[in-house]
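J.: Protein sequence lines correspond, in order, to chains A and B. Just so you know, we're using the numbering used here here: the first sequence kicks off at 1 and counts up by one. Just so you know, we're using the numbering used here here: the second sequence kicks off at 1 and counts up by one.
Take the hints with a grain of salt, since some may be wrong.
Unchecked claim - Dumping the calculated DSS-like pairs for lysine-lysine here, alpha-carbon to alpha-carbon at most 27 angstroms:
1) B:K209 <-> B:K3
2) B:K25 <-> A:K39
3) B:K209 <-> A:K92
Unchecked claim - One side of the interface only, derived from the structure: several residues of chain B facing chain A at Cβ under 10 angstroms:
4) E42
5) R45
6) E56
7) L58
8) M79
9) R83
10) T93
11) V120
12) D123
13) N171
14) Q183
15) S192
16) W193
Please keep in mind that the hints were generated in silico from the structure rather than gathered at the bench. Ideal Cβ positions, reconstructed from N, Cα and C, are used throughout, including at glycine.
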Amino acid sequence: MKPIELDKVQEKLESFIDKDVYVHLETTNGAYASHVNEKAYNVGVYIRNAKVRFNQAKIVGDGKSYRAGLKMEIGWIYAEGLTDWEIFEGEKLLMAGHDREGRLMVALQISETPFNY
Amino acid sequence: MEKHVVVIYPHPDDESFGAAGTIAKFREQGVPVTYLCGTLGEMGRNMGNPTFANRETLPEIRKKELIDACNVLDMELRMLGYRDKTLEYEDRTEVAELLKGIIEEIDPSLVITHYPEHAVHPDHDALGSAAVEAVQLMDPKKRPTVWAQAITNTHIEDLGNPDIVNDVRDNFDKKMDAILCHQSQANGVIRSWNQSEDMDNDLKEEAMKRLGFESFYIWKY
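Just chain A, with the same shape it has in the complex (with noise of 0.2 angstroms):
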């Protein structure tokens, strides 16, 4: 992947509005969070191939960290610290938040076709 570039970013975000799509949403920080260091917890979401539509979006940031928000009929979908973006077998939007090491702590996926699962 590579660094958030904000407008073709939001381009691509643009050409899912009012379309039918799959998102993949996902923050973690392992598994191991709370063995490897006693004072910390263990949290992580993870929604896949969710089929929702949305009729805005935009990303906003500044420069290093940006967050991504979807708004729907009803509701809202958002991801927080994505700092590399990448468009994946032609027509996915992949955006991801990696830390210091290159893990990956967030991720917002957007495409018209599932995700393998």
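Let chain A serve as the given structure and place chain B on it in line with the hints.
T.: Just chain B now, kept in the frame of chain A:
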């Protein structure tokens, strides 16, 4: 001497970090070893350092790493096709029945797996539990011995001293070669053990400190 050893862990790299030295010793004795790997570690956080994988490419990358590691350790590989981080939500009896079928087919004298409830990762606990149950479901006369691996920080307090302690330091190169097949994971996993900034940069030295001994409890049926 063992007749055949079956190793049952959920993730590509569990075999290398957890039991590579033990597996290598069995192979030196000419004992066949088969690895039943539960998932492809699809949900791993480590993407290589520097990052070269993403959430979508990780499964195929880890599958290749797994095959490479099994080649280094010269053991047969079977992939069970479950999805990373979801094993504890599967029906345990169904998983146990699947494992029982494979164990009966291979007819090993020894099964190595994680110690349920003492193996930190929910997938470890879930697959370990299903493996223990699979052997429980077998005809008592045909049951292989089960070595269960506990990796919690408190397992000695909780369970007492392990029954089997294999010193694998004299064959650590082989273990390290297997670990390093897992290119996307090895660096990040080893570094995660030592959170201080001044960690020794020698991954092998750091790995040896933690992984020089492989220990197991003999499951009592």
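J.: Give a verdict on every hint.
T.: We went through each hint and held it up to the structure:
For the given pair, B:K209 sits about 31 angstroms from B:K3 by alpha-carbon distance, which is inconsistent with the 27 angstroms threshold. A threshold of 27 angstroms between alpha carbons decides the hint, and for B:K25 with A:K39 the separation of about 38 angstroms lies outside it, so the pair is violated. The hinted pair formed by B:K209 and A:K92 fails the criterion: a straight-line CA distance of about 42 angstroms is larger than 27 angstroms. The restraint placing B:E42 at the interface with chain A holds, with a minimum CB-CB distance near 9 angstroms, inside the 10 angstroms limit.
Hint status for B:R45: holds, given a least beta-carbon distance of 4 angstroms to chain A, under 10 angstroms. With a cut of 10 angstroms, the hint placing B:E56 at the interface with chain A holds, because the nearest CB-to-CB distance is about 5 angstroms. For B:L58, the interface hint holds, since its Cβ comes within 10 angstroms of a Cβ in chain A; the closest pair sits about 9 angstroms apart. Taking 10 angstroms as the C-beta cut-off, the interface hint given for B:M79 is violated, the closest approach to chain A being about 15 angstroms.
With a least beta-carbon distance of about 8 angstroms to chain A, the hint placing B:R83 at the interface is held under the 10 angstroms criterion. For the restraint placing B:T93 at the interface with chain A, the shortest Cβ-Cβ distance is roughly 23 angstroms, beyond the 10 angstroms limit, so the hint is violated. Among the interface hints, the one on B:V120 holds; its C-beta lies about 5 angstroms from the nearest C-beta in chain A, closer than the 10 angstroms criterion. Checking B:D123 against chain A: minimum C-beta separation of about 8 angstroms stays under 10 angstroms; hint holds.
For B:N171, the suggested interface contact is broken, since its CB lies about 26 angstroms from the closest CB of chain A, more than 10 angstroms. At its closest, the beta carbon of B:Q183 sits 12 angstroms from a beta carbon of chain A; the interface hint therefore is violated under the 10 angstroms criterion. With a cut of 10 angstroms, the hint placing B:S192 at the interface with chain A holds, because the nearest CB-to-CB distance is about 6 angstroms. Checking B:W193 against chain A by beta carbon gives a least distance of about 6 angstroms; that is within 10 angstroms, so the hint holds.
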